[in-house]
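**Q** Read off the chains here:
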Amino acid sequence: MVVNQVVVVDVINMIKMKKIVIALSLFSGIISSAQEKDSTLVFKKRVLESVEVDFLLSYYNQDGSKSAVSGGIGSEELTDIATNIVVAMPLNDDAVLTVDLGISAYSSASSSNINPYDNGGKPTPWQASSGASQSDQLTSVTANYAHSSDSRNFIWNADVSFSNEYDYNSVGIGGGIAYLFNDKNSEISLKGNAYLDKWNPIYPKELNDYEKYGANSINGTIWDQNGQATINYSPTAFKTISSVNRNSYSASVGFSQVISKKLQFSVFFDVLQQQGLLSTPYHRIYFADKANYYIGQAQYIPNYESESNAGVYKLADDIERLPDSRFKLPIGARLNYYINERFVLRTYYRFYSDNWDIQSHTASIELPIKVSDRFTVFPMYRFYTQTQSKYYAPYETHLSTEKYYTSDADLSTFDANQYGFGVNYTDIFTGAKIWKFGLKNIDFRFNRYQRSDNLEANIATIGFKFVMQ
Amino acid sequence: MIKVLFIHQKELTLKNLNKMAKKIILGILLGLIFQSCNAVKEYEKVAINDPDMKLSARTSERYETTFQVYREAAAGANGGKSGGGCGCN
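Here the protein sequences line up with chains A and B, keeping their order.
Just so we're aligned, residue 1 is where the first sequence starts under the working numbering, counting upward by one.
Just so we're aligned, residue 1001 is where the second sequence starts under the working numbering, counting upward by one.
Please keep in mind that the hints were generated in silico from the structure rather than gathered at the bench.
Glycine included, every Cβ here is placed at the ideal spot set by N, Cα and C.
Any given hint might turn out to be false.
Where chain A lies over chain B, by a calculated footprint (3+ residues, C-beta under 8 Å) [unchecked claim]: (1) 1053 to 1064; (2) 1067 to 1077.
Straight-line alpha carbon distances no greater than 27 Å define the calculated BS3-like cross-link-like pairs of lysine-lysine that follow [to be verified]: (3) A:LYS370 <-> B:LYS1045; (4) A:LYS198 <-> B:LYS1041; (5) B:LYS1045 <-> A:LYS433; (6) A:LYS370 <-> A:LYS440; (7) B:LYS1045 <-> A:LYS440; (8) A:LYS239 <-> B:LYS1045; (9) A:LYS198 <-> B:LYS1045; (10) A:LYS290 <-> B:LYS1054; (11) A:LYS212 <-> A:LYS261; (12) B:LYS1041 <-> B:LYS1054; (13) B:LYS1054 <-> A:LYS45; (14) A:LYS261 <-> A:LYS239; (15) B:LYS1045 <-> A:LYS261; (16) A:LYS390 <-> A:LYS239; (17) A:LYS403 <-> A:LYS390; (18) B:LYS1045 <-> A:LYS436; (19) B:LYS1041 <-> A:LYS261; (20) A:LYS122 <-> B:LYS1045; (21) B:LYS1054 <-> A:LYS44; (22) B:LYS1041 <-> A:LYS370; (23) A:LYS433 <-> B:LYS1041; (24) A:LYS290 <-> A:LYS45; (25) A:LYS239 <-> A:LYS212; (26) A:LYS290 <-> A:LYS440; (27) A:LYS370 <-> A:LYS261; (28) A:LYS403 <-> A:LYS290.
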């Protein structure tokens, strides 16, 4: 009898508790639905009033001493000029089509040394060769269609993209949805992308020739470590690559929230899976347990690892080999605070982890300062740190018995500091005009990037936004 | 026998109460969050709608993101592109 009473009391308690939980949930639901009703359409504003054109131009240069093309040493000098034109067109009140055309041209000492033997008999990893691979162009086009619901609380979009380089091309498709609620104070977004890429592999010259034409195919005398002529160079580990596809799939979830009149944040969670050829076919590897062979001028062999080496190049044992799958998990967050009419604080943090044993942290801060109605300057700082991949080892430290190996310093342990500034000019009345387009905005930024392994880079970007009148 | 059953039932009740308490706290937190979300109306979003308050990278930042993806192992979770292109130079 007593037991029955206890059970009955418990059941009553549980029912009460459940009622409280349900009531709380309903309360929240009522609040949120009430908020949605607040945004019931009174006046339907066009998503985009008129055609907008962004013209962007960037100049980038870098230098370092750990070229992956030369097996982890040598010049990483690179210059890249890129430009994009982004046109956003309103198709009707609800839909916008955005087309992004880009071209990027680079010249690189590193990739020039895929074939270092064009350097007038003075091949060296420390200088650019005049080979055809010293420069290339990347062209790309992306089209994105976005459609908003009448309430502007639901947006879906789809995109397609193509890009092409001499040895690489990429086709991408993607789509996503975003849902705004709580009077547009909250937003949840989902996004998915697939990139179907294909390599046209090019290999280090000596390996390519050895594979195609055999041991006697290399022009010029081959030297051993002691500077003696030899015919023993035999990179038997090298095999050409048969599977040239690289597919990347990503899914992203984002949530953003207005916390107060001056504070908002967002979090992003991505899942990325890559499959296929994830190594770069022209990155050389030198094994610690294999003899060294050189071509060029034998007197520079003792100084091979120094920039004073002006005329000898080491023949590769193999190209880098990496697994054909990689799983990446980044999670990021932004927090922006409007301090007052003059200052805004923008912050970003990301944690990243993948199954190649790399973990990284990224943190950045930017402080836009409104110096007048039209001008904003924004100093910025970014810190990045990563641990190395389990497949990475520096120049000439891998063993030929390993299955996977790379000497690409981008997969090594390092810290990086990036600092710079930007200047933004905005004229909402678009006073300055070119043909039918009024200039709404100019955005300039400059950043310097310094890595703990001595890679240094500078990047300057300028962007102009025009609005059709 | 009755005492044993009673104690057993009491433990179950405590467990249920714990679970319920957690759910209630979660419910209250969700309620508070939704309530706080309700605080900012459209006409109060002058600061939130400031271009510098955008919760995404600036348009002119895209080239920096591109070179960072090339020079660093990490990518993604920035609301931008996270694949395509070899990034090998």
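**Q** Of all the hints numbered above, which does this structure not satisfy? Sort the numbers upward.
**A** 4, 5, 8, 9, 10, 11, 14, 18, 20, 23, 24 and 26
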